[in-house]
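Each chain, letter by letter, is given below.
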Amino acid sequence: MAGMAGTSGVVARFREVKRIALLSEPLESRGTLTFVPPDRLARVTTEPSETRLVIDGDRFSFRDATGGDAVDLSANPIAREVVSNFIVLFNGDLEELSRRYEPHFTSGPEGWRLELIPRDGRLREFIARVTLSGRGRAIERMELLETGGDRTTTWFEEVRTDVAFDDEDLARIFSTRDSAAPR
Amino acid sequence: MSDRAIRWLFATAAVGFGLYAVTHLEVSTDVTHFMPAESDAELAVLASRLSDSELTRTMILTVGAPEIGTAIASARALADALRDHPEVASLRSGPDADPVEHVYRLYFPRRYYFLSEDPERELPELLSPAALRLRAREVRASLELPTAPLAKRLVAVDPVGAFQRILSRLRTQRPPLDTVDGQFVTLDHRWAVIFLTTRAGAFDSKPQARLLEDLHAAFAKIAAVSPRPLLLEASGANRFAVAAEQSIRRDVHSIVAVSFLGVAAVFLLFFRSLRFFALAVFPSLSGILFAAVAMRVALGRVDGVTLAFGASLIGVAIDYPIHVLDHYRLEPSASARAIVARLRPSLVLGALTTMASFVGLALTSFPGFREIGLFATLGMAAALGVTLFVLPAFLGAGRGRGVPPLALRTARALGRGLDRLDARRRLLALALVAGAVASAAFLPELRFDDDLTRLMSLDPTLSAEEERVRERVAREESGRVVFALGEDADEAVARNDAVAARLEAARREGRIGDFRSLHALLWSRELQERSLRAWEAVPDKADRVASAFAAEGFRPEALAPFRADLAAPPPPPLDAAALRDSPLRDLVSPLLLDLGDRAAAVTYLRGPTDPAVLGEVLDGLEHVHVFDQRTFMNAIYKEFRTTTLEQIGVGCALVVLVLGLRYRRWRPALAAFLPSLFVAGATLAAFAAAGVPLNLLHVTSLVLVMGMGVDYGIFIVDSAGDREHLDATLLSLLLSCLTTVFVFGTLALSEHAALRAIGATTGIGVLLSFLLAPATLVLLRPRAPAAAG
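First to last, the sequence lines map onto chains E and G. Add 15 to the 1-based position in the first sequence for the working numbering, that's all there is to it. Add 821 to the 1-based position in the second sequence for the working numbering, that's all there is to it.
Be a bit skeptical, because a hint or two may be false.
Said to hold, decoys possible - Straight-line C-alpha distance at most 25 Å; calculated SDA-like pairs for lysine to any residue:
1) E:33 - G:1376
2) E:33 - G:971
3) E:33 - G:1374
4) E:33 - G:1362
5) E:33 - G:1379
6) G:1362 - E:39
7) G:1362 - G:985
8) G:1362 - G:952
9) E:33 - G:1377
10) G:1027 - G:887
11) E:33 - G:1378
12) G:1042 - G:887
13) E:33 - G:958
14) E:33 - G:1371
As the list claims (entries may be wrong) - Under 10 Å between C-beta atoms, here's a sample of chain G residues computed to sit facing chain E:
15) 891
16) 973
17) 1294
18) 1374
19) 1376
It should be emphasised that the hints constitute simulated quantities derived from the structure, not laboratory data. For each residue, glycine too, the CB sits at the ideal point set by N, CA and C.
Looking at chain G on its own, in the form it has when it is part of the complex (with noise of 0.2 Å):
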């Protein structure tokens, strides 16, 4: 086929593949894949729903004033101005209208269902005579109140206050802030508060920055034109997702100038063109693009985590063209395709080897790593193929190509130092020795850092506005939560109620904050009708009642109402449908969540609970889950983080085995293995001695310094015999290193913590493996004296 044939007929398959991946393509995360062990992925998918609810979407803005007054306007005009926007789906700033009214037509012909949780032992002693005098002296002095008028209706039908209890627990959901003129305000009356609920998921950046950029905007018409100074303070985990994306993208835009600067440095130094650039990256890119299309094909879905760890490893691929662009520019005479061929053994086998790396991935019991290891293997099948039989047509025979003098001088230079270190193999072999023992001296001070917050970088002014809102407002927090699971959502009412009778009962001794529960809206069928039969099993209340009230002074006939509405059918109990299809679905919504197949209660705590304190208090309880999203994160980050090194040495051993089935020796094969041993101990070595703890990224990192290590390893070996070739393989690793830095290393530049670890391991290791490559020499046999040159 001819080269205009070939470079047709990728350019037409690039084109498709590329418009497929737009049309088709839809990134998705989802973390149960990359969770062990079935009962994790049951508390996986909760998390999941919890990172995208109510909860989390909400944001809470508090606007301040020298006088409450002028907040109040202020929030009121901001919440005008916001209430219609298309990312606000609601938008509170007081009580609901008339939840008293909703709450009255639910649950007042309901009252007997909900009157105690303990109604066997409770109700003989709510009606024995001295408790209802009591309760009938409590009425009258009810009455004296400014809420008598409204008291008064209730107590003639309702005199024991069984509706009264319902209300009482339907206020512990409410946010502990006054009202103003129907505008919450804080405790302290400095602040108005606002409750937005945004349309978007939190981490949605792009609608979150629009909305946060017109409500700032808002706030500054309102500031502008206020007589009194005004200050506006905000929480909500969007607001950490949008300054996190701004702050990444300036990082990143920087770093990718240095980056491609010196890239550019680099290709127009050594290979004056920049189109030697553009060629040495397409393969990888190639790569990472099918990989991308066979996982969508044959999965039908490609996930984020996946993509992103995926096409960093294929980074490796950018060895195998700078190899070939390397011997193409100092081998004038020969052709590309002349070039490739030779070369073919030595790309396959650092492409096998690569690959045998990433089997490891695949042998874990993580769905998700599996899907990296595919996708990893098929991204770098591609990438070499493309080196191998596309980048030649885009070269052509380049008759007539000079060579560009610096890669000549700096290839014979390299050359010519690795003689030296060849005459010296005793004193190399020595300083390897030497620095093997350094590494493992250090080893031992490793440390590991598993906690994902400190590779958020979040940022500390917005971490203290958060910290001073939330303490006004005293909101819970979405990442600590009990789970009451069940097979739909009546089992998990059913669990719920022995939930929050244990959380109240440490509530109560201080065990514990206070909490948020569906209990308060919901029990379930069996103790509403425990508590109804209770009630009726009590023959004489009427009169019982009617006593008590006659002696604290009220007429006889006043309860007439009461007796009359005791012989009329109870209507049925309350359960989660009729609930949720009530005007008061939207509290229930956020505390009982629809898994598909199951169904969780939820209660969400507020204040500093120890979770140690929370399992205690719920232990033996089945199917109910405390979960703390920060040490469930830690914890599968931790079983990542080990998982990852664990396949390193899985992988370790296929490499070797390729290395020994290609080269059928043992020195060979060693000899290309080694240096990224090395190269490995010498990394964590130089981490451990500078005190940096290592993470999840500091490891992924190692896997990609591994597979270059065994690269460079495999091109010397395959050119040691040959000084013109070895020459300019010496400088393919020079080059590749090069490149590798300014791709990867700058990242070490980075502000956030894990682009500083990709980059500090990647820089770190890729020096590291050019510097120990002439370690593969000590394992070679002594080769021939250099021909002068």
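Isolated chain E (complex conformation) (with noise of 0.2 Å):
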């Protein structure tokens, strides 16, 4: 986690597995994460449809491939929960981390794994666990447990960190082409 405090930018492609109980089948998606410290995110899925969750630090957007008005997630407790984990994570923040959950961490040779069980009630309610998983500053796999059994599971691939972003690829990652808040 020291390691990923240091980084300049990181950018990763994933694989997602969804597994709720009210659908037959696993969702999927693939796509592409970038994490800016110490505060800004997006993470993009080419697959199957295209969608864009922007995170620019409390400001949480999500538009789909239906290309309507950016949905602001900001006021949702749960989802700003639910996203802000992955700025501490990235950040690797490990003092919010641990006010956050209840971290258990083993390392060995083949890499490191952070339990993670949340303190706060309302945050119970919906998570029992997310794992974490990875080798050297990378993390390549995270997994998160609803207290309904629901589980998604995230594949990171091709991690590359300290990447550096000049201002216009900074504009275009985190562009939200219009005002995040609703009416």
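If you follow the hints, you should be able to join the two separate chains into one complex; please do so.
Here it is as structure tokens:
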């Protein structure tokens, strides 16, 4: 984690599988994740459809393939909690991580594993556990287990750390095209 | 009765009246008293409720810093410092802790009551296979969002999204702000925002001044220890009220000083006594006190507007003691009682003509005007009574008193001047005709300005700050709303359904801006039941929904809770009483007003919306009013002004009648009256020539000026046959004129348009009254040649 804290930027491809009790088949998506310290993250899916989740400081917005208005997620406490975890994790902010979760960290020659149990009552209503694993400075896998048994597993590939972005890159990656807030 | 007994009796009565006034007088202002028509009165009640609503009592505080973290921390510190302030009713710096939970409890069981506003048309479409398939696809996509853990729980019971529709409507009620760490921030993330609602009304300036002082002191402390520079910008009607009061107070302090020094100088120069100043003022003050107490006893209350306007009109009565005092000083051989006995006919006639001019007020259709007329008439009668019966007791016999030399010289000089004019009557008549023609030529140029805002002299710095904050937070204006009225809350809610439907259609067409309506929270029972009936009328909806969702990959058993819930009986529809009893009561209270025997559902409009367009949009809806506070108040104000002008005409006719009855000949009657008419014309012409548009306060001040003008005419007519008496009368007029100019005319120096209007009219009018008083001579028969002196 300490290694991740000093990164200038991270870009990774990801594959995510959601196993949800409501659905007959798991939902699978692929895309790219970009993190720029301290608090900017863009998660763009390319399959099965194009979606764009942008976190810029305290503002979160989501836009789907229909190209409609961006949906503001900032006011939704659950969305805030789930999304801000990404920031905390990628920032390598151990102190904040320990405030939110009971962390259980193990490491060995095959890599590291961090298991996080939410401390907050509201979050615990929905999330049972978050497990991260990886090698060196990079996260390879993240699994989110919900209290209802639904499970989301994300595999990170082609992880590049210490990526430098210029202003044009940043504007393109974190553009939400319009205000993220509703009326 | 001895003078001593009269003094004691008067002092006892004054103390008694004073004590009664202090303990019983509660001055209230009810604008409905100044409404002529029933419908306007109804709107006025609403306006009055609105002016003291949560919206006008809420300040928006915005704290800015170079970066939002500092702004948020500082806003939190400010909120903490103010939260327990005795003048703070509530303070919101972020979304309610758990609004969704409250909304869920109240609305989720009733979600089908609120499914569609046009259920017979919309629900068959909503439950068509294609629409349900699209809905299922959207739900599946939403499972990829970070909000999925919450959404999944709802989907199983509410796959059609009935509750989500309710949440979307409620979201339109939120201020357009972001939230960072539980703190409201502006959309550009430059300002942290706090909503502060005060206990006292926005125009209750004393508690508001205390709060604003403490607010700025608290912020100064926070800014002093902040590592980064901070800026506080606020909006709120209370800021203007406090600033206006402080500014008027400063203004009035300096004007009162000038006024007092001027009047004191007049009394010292001409009477060599300041005691005479007190004696000149106390009949008018007694009149105001008596009238206030009499109104309280007769009507059970005293209106603030009645008190203010009535008291100004009673100011005319200062002429009477001045007339008595002047004669008392110039005639050392006569006792005060003898002087009063001689002047009594003139004083009584002066007072009667003034009261007659007030009768015009009593003939209007405005209850408030009738009260002003009654108040001023009672006050004038009391002031006259005190002048005639009490004032001599304070003066006594006064034997051996000397004649102040300046008073004597001035009286004689004025007398000689009048003699010269008397000798040139034709020239004087010609000058008067020329003056009248010139006045008439300018009168068509006269313009009226009935825009109240121009009287308010709003501080431009505060206005600019208000504008910036409102733009940042884009809150709705309290001054432009739509009322849907009903006999009770349910009827108002039903009428509001139609209002919301029309407004929403117009908003979609871009004809009006956004709005905040009760409709987001509550529909009529009838509409709710229609929505539920249309939902229940679809026989195979559970199968349709299951089929559409299965086609999008949902397990068939996933929607079992939905099927089970359909079988359960629905709760009763939501009504106003249940909503007011719920934790959402704070949301509903500014949107549903209880007016005693009626209720009003309120819609607040955001951004610029043309009232005329609104009128078109809502045309034909019964008991629905578009209310624009500024337009409404200006209309009232115009009615006030035109009514006052009309009553001047009625008052003039009555004054001529009283004068005719007294003198029994047309010459002296017209001679006493005409100068005041010339004065009124010349004063109006002066404003027209200067390009100054007239407002209500100019017109009201003209009533006062004309009252004084008639008194001047009467005094001259009644003393024209006695040279010594006439000299003293001319000095009385000069002193009365100077006193009035110093008391009222100095208001022309004010920074405030309202005070300036009173000051300018009274100042110009009373000076002209004095200068045109010799016009009386033109209509009187030539006097006998004056004795040398």
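Each hint, compared with the structure:
no. : hint           : in the structure
1   : E:33 - G:1376  : 15 Å, holds
2   : E:33 - G:971   : 15 Å, holds
3   : E:33 - G:1374  : 13 Å, holds
4   : E:33 - G:1362  : 29 Å, violated
5   : E:33 - G:1379  : 16 Å, holds
6   : G:1362 - E:39  : 22 Å, holds
7   : G:1362 - G:985 : 18 Å, holds
8   : G:1362 - G:952 : 12 Å, holds
9   : E:33 - G:1377  : 19 Å, holds
10  : G:1027 - G:887 : 35 Å, violated
11  : E:33 - G:1378  : 19 Å, holds
12  : G:1042 - G:887 : 18 Å, holds
13  : E:33 - G:958   : 16 Å, holds
14  : E:33 - G:1371  : 18 Å, holds
15  : 891            : 14 Å, violated
16  : 973            : 6 Å, holds
17  : 1294           : 12 Å, violated
18  : 1374           : 5 Å, holds
19  : 1376           : 5 Å, holds
In summary, the numbered hints that this structure violates are 4, 10, 15, 17.
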